[in-house]
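Enquirer: Construct the entire structure; sequences and hints are all you get.
Protein chains: 4
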Amino acid sequence: MVGGGQGAFIGGVHRIASRIDGKFDLVAGALSSNPERAAASAKELGIARSYSSYEEMAREEAAREDGIEAVAIVTPNHMHAGPAIAFLNAGINVICDKPLAATPEQAEEMAAAVKSSKARFILTHNYTGYPLIRQAREMVARGDLGKIRVIQASYSQDWLAEAPDPDNKQAEWRTDPAKAGGGAIGDIGSHAFNLLSFVSGLKTEALLAELHSMVDGRRVDDNAHILLRLEGGAKGMLWASQVAIGQENNLSLRIYGEKGGIEWNQENPNVMTFARFGEPKQLLTRGGAGLGSGGGDWTRIPPGHPEGYLEGFANLYSDAADLIRGEGDGSLLPGIDAGMDGMWFIASCIKSQDAGNTWITR
Amino acid sequence: MVGGGQGAFIGGVHRIASRIDGKFDLVAGALSSNPERAAASAKELGIARSYSSYEEMAREEAAREDGIEAVAIVTPNHMHAGPAIAFLNAGINVICDKPLAATPEQAEEMAAAVKSSKARFILTHNYTGYPLIRQAREMVARGDLGKIRVIQASYSQDWLAEAPDPDNKQAEWRTDPAKAGGGAIGDIGSHAFNLLSFVSGLKTEALLAELHSMVDGRRVDDNAHILLRLEGGAKGMLWASQVAIGQENNLSLRIYGEKGGIEWNQENPNVMTFARFGEPKQLLTRGGAGLGSGGGDWTRIPPGHPEGYLEGFANLYSDAADLIRGEGDGSLLPGIDAGMDGMWFIASCIKSQDAGNTWITR
Amino acid sequence: MVGGGQGAFIGGVHRIASRIDGKFDLVAGALSSNPERAAASAKELGIARSYSSYEEMAREEAAREDGIEAVAIVTPNHMHAGPAIAFLNAGINVICDKPLAATPEQAEEMAAAVKSSKARFILTHNYTGYPLIRQAREMVARGDLGKIRVIQASYSQDWLAEAPDPDNKQAEWRTDPAKAGGGAIGDIGSHAFNLLSFVSGLKTEALLAELHSMVDGRRVDDNAHILLRLEGGAKGMLWASQVAIGQENNLSLRIYGEKGGIEWNQENPNVMTFARFGEPKQLLTRGGAGLGSGGGDWTRIPPGHPEGYLEGFANLYSDAADLIRGEGDGSLLPGIDAGMDGMWFIASCIKSQDAGNTWITR
Amino acid sequence: MVGGGQGAFIGGVHRIASRIDGKFDLVAGALSSNPERAAASAKELGIARSYSSYEEMAREEAAREDGIEAVAIVTPNHMHAGPAIAFLNAGINVICDKPLAATPEQAEEMAAAVKSSKARFILTHNYTGYPLIRQAREMVARGDLGKIRVIQASYSQDWLAEAPDPDNKQAEWRTDPAKAGGGAIGDIGSHAFNLLSFVSGLKTEALLAELHSMVDGRRVDDNAHILLRLEGGAKGMLWASQVAIGQENNLSLRIYGEKGGIEWNQENPNVMTFARFGEPKQLLTRGGAGLGSGGGDWTRIPPGHPEGYLEGFANLYSDAADLIRGEGDGSLLPGIDAGMDGMWFIASCIKSQDAGNTWITR
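Residue numbers (my numbering), protein chains in the order written: chain A, 2 to 363; chain G, 2 to 363; chain H, 2 to 363; chain U, 2 to 363.
Where hints are given, some of them may not hold.
Where chains are identical, the list cannot tell them apart; a pair therefore holds if satisfied intra-copy or between any two copies.
Said to hold, decoys possible - Straight-line Cα separation of at most 25 Å, BS3-like style, residue types lysine-lysine; simulated pairs:
hint, residue 1, residue 2
1, K260, K170
2, K116, K148
3, K44, K24
4, K44, K170
5, K170, K180
To be clear, the hints were calculated from the coordinates, so they are not data collected in a lab.
Expert: In structure tokens, the structure reads:
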């Protein structure tokens, strides 16, 4: 693991997600750019091999016979490219947090490194790991909804509704344009954009964005209103907000086609509604009755026993392990293409905003 | 009543809504532009004085000592202006269905007639009659939410997801541009727009709209994606759709301010959530515990005994009766201003669409 | 109308319910046992013929050529029998609030009067008027659920969680054993019992009840736990409470058979779930997609436009009017049999409680 | 681990739960009473030390310097006592699945072994591990609800609504009286009973049960209707069913006191409602706004990021590890007392049933 030392958030999530299915052991880390914190964090977590920099770690692990098979990169956005490229170049598989990078330049360099490396690159757009999201993707792909017409996606939170405590490390880098590369659009909007692309299977051809900074002194967007035009004529709306008081982590996706519609909400991810035109709406449940083959996969426990965020995240780790071992094709795993698509989304939002909220075509 | 003969929909709703509180008797009507159908409908409904045209009705009722005090106009959109102006000119109070008219020209003439008449003009944006919507308006006005930042409004249905039966009279005029003046934006979008204006108390200064006709051969929009800029810096999104399969009549409003947020959904209108930043979300119920003075008004039965669409509609009729009798100030009743605002909304959506989905400023 | 004068609750509900479909005019009343209040109430409501006693009213109305066709009795429970018998004997149809009476003796006398009269007797177990409840009954009857196994019914409120204000007229008689004939079991438990019988079509053969008075000084039950044995081997549980803090008017019914299950809740009565074994649960909506013939009846407005308590109540009035006019068979209307069944329920609960919470067989 | 070999269900759950917080390594096992399956299962799971019997495992592990610190017993109910006693006697901490045993005799022997051992005994009533359940317990304990009056608990499923496939190993032993010791009352009713005791802090003094076998040929109860009398005058109802078609794993708890009420449902365990009399109902969320100290503990991720069944289960493992290491007091962990209480519940239900559904006092 690179990053994820004391005071970090997403590193702990990756560690749990990697443990759930027992396919990973955490044996090495460069947990902080501060060598003392790196060492202290490694000790606290019982990690045997602690490095003071990711460069050292990539070099030494690649040289060991029992070196790591994969590295999880859980640093702030502007610190993804450096370690990702180093490990890819060293032939070590990379599991990287999203969004891909803080700048298009970093992203391009990462894409080049992926292309020239034999190692795998996986981007943890973790919400794609929810079983019902994969079920929805399968339903769209096999035509249950017919040709897609309308997509409504939103991701709303309220934790940045006021200026955060200056000691809040999470808030600090996420509201720094240089480190984050975007505000709500990068932190959560990119998730919603990825999710709608993943489920619909449609590429977005153009967008128009209005970005807002609702809190005094904020240097990034904390609310974004976005219109989308997708291939095949589908149209979308995407709302991302970190100032929607009363919302915790409300990622929601609704897709409507010529024959049917589906609706899903991350806060209760074990249920999805599905309606065919002129028929009663159905409640599909994770692993529950009446799902096709896709429904029963990627779950560990029977329907009615709720799985959550960590299990969805774990599905990415599990698939990654299978892919690395040659036991799976990884076809559902977001990789560099999803990452580049997300970078296009973020950059286009900013471009649209700077141009007076006009349409940006890919 | 003008309109509302056999085969009509909204006329029956107005008749029930006017009866619920016992403040109206239906005694006269020009129920159809077809004199035979007008007579047959009047007979069926037990209406004593049946007229074969609204002109005749306005003239004769104005002349009677026991003439009607108010007329309900429940014709298709392009047939509002004629009777409304006739009755206003005759000094008879008008209760008119929405949107105001099918064209800006008709709307201007109606506005002029309202201005020069001593009679009242009420536009039945019925969703403003729901007790919790009025509660929400009061909460916003007294600052419970702080300065408004974000408004998310949507109104989705699916009844036009396919080309309707040619015999469907409701669908016929609603999908004819000349009669309706707009598709989803006029039929339901105008309700959502009115509702967000009513609750927030904010005027929209600019909008950008993308209008879609998802069904082959449809001549009006059946799906619309709209961005709003409101006075004071608030931003909004509005989605209106008649092709969202699985949606019945899902008018939903969410408003977020600097201090709190509210969320409400028309399909279960007896509940509204309210969150103050950093406190647990509250479930406010119609007439229920903890509401201020506004909460208990405009309800007929105790909390937990659901009221619905007809009771909300009846609140407009009840307030209208009080206003006409001088027993209420009618301050919550939508009138010509709300109507003109809705016409601006519809016209601006079309203008934005025609100009390539660009911003239209008021 | 008999009863329903100033300060009453259910009288107003009956008046609205009778008006909604326009099949009744309220022309005469003995609105209070206090003649002055009766007169004042009648004047306030604009009722032409006001009587100072129900005896006088029954006699005089029966004698008039334009006398009333039906009387609504909306007095406290111990005051049902007198007027009901008087009007039945006078040949006037009776629409009576529930439960039937305050004592078994009163109930027997009423049953005898119904038997010997040519007039109709309707008991307003209003919750049977909800369209989805009638839909559920039809589904059970035609075997959609298979043989019924388990019924879970509950009706919970919290308005009596503390000793009420002494001026609360509603609470006063409802907590007086002589006037009410029972506490929660009569006021709300009898509704739940009626509803489960109505939908399942099954008679209860035995019950065991534990009745509680949770509030100091209360002389009737305010919470009741009841087990039911129904014909054909079905088993049930019934909970009635007026001290369940946070509950407003939560009448809920769940029925499970060999092939399927349904669940419905009065506070959002426009939705019902239906599950067949091994298939996804369906959301059935009032008047919505996929309902059989029963689904579309008894509704006034399209799906997604919520109807509520008053419309359900109005369905009883509407059916009663049709029955009286010979335009309907009244087969869904609760009558004297449902009333006597409810009296058996109340009496058996009390008997079971008095006998140490043992089983009481019919 | 003892039990949990190929084809088992709950063993896999324990393994994941023990891994989530990284406080356990699985190093030894007697995974099946069939030695070949035991070996094959251990190999599949990568467990180093595989034993062909629990006796051998207890003996040898106790003798090793690096022997296991704790054993998880995940066998069918009638196979709990043997290994539990063996490991307790060997001084090894025991984490045992529920219910305690299949017979009262087995339970008594286990209690004696716990008493005489210095090792810890933990019973995995896993639903007590949900953060909001622990929050509810804290709220009751500090008086937020006032004196408890009414408890409504239910646990409904439908997976046994028909006779199961003969190859269904889970169904086989769970419907065998000798192996399970009870049907729905033991498998799920005991969870509901434990949960209500845990949250309310109240002991049940008497109960009355009616047990049903709804499916032809079933030898244990698959539906149970139970009335409870708790200390201090509180009253309860408990419904357990495995034939409620449409229900997946619906464990629900509602508790009402003199001052307030709470409601929680396992299928969406991240939300709980809390109402104080006369105030709006609150939505409390796991780790969310406005919870006291208890609310933020035992969660790994921010509010809105759903945790589920496995994380709740993991909280028991985490607490057990802390207790064993002397880093926690284990005060929230169910142990032998909860187990004996559950055995009283099961035995009393059967006794009540056999005596004609009469009251059984403790």
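Enquirer: Hints the structure violates: just list their numbers, smallest first.
Expert: 2
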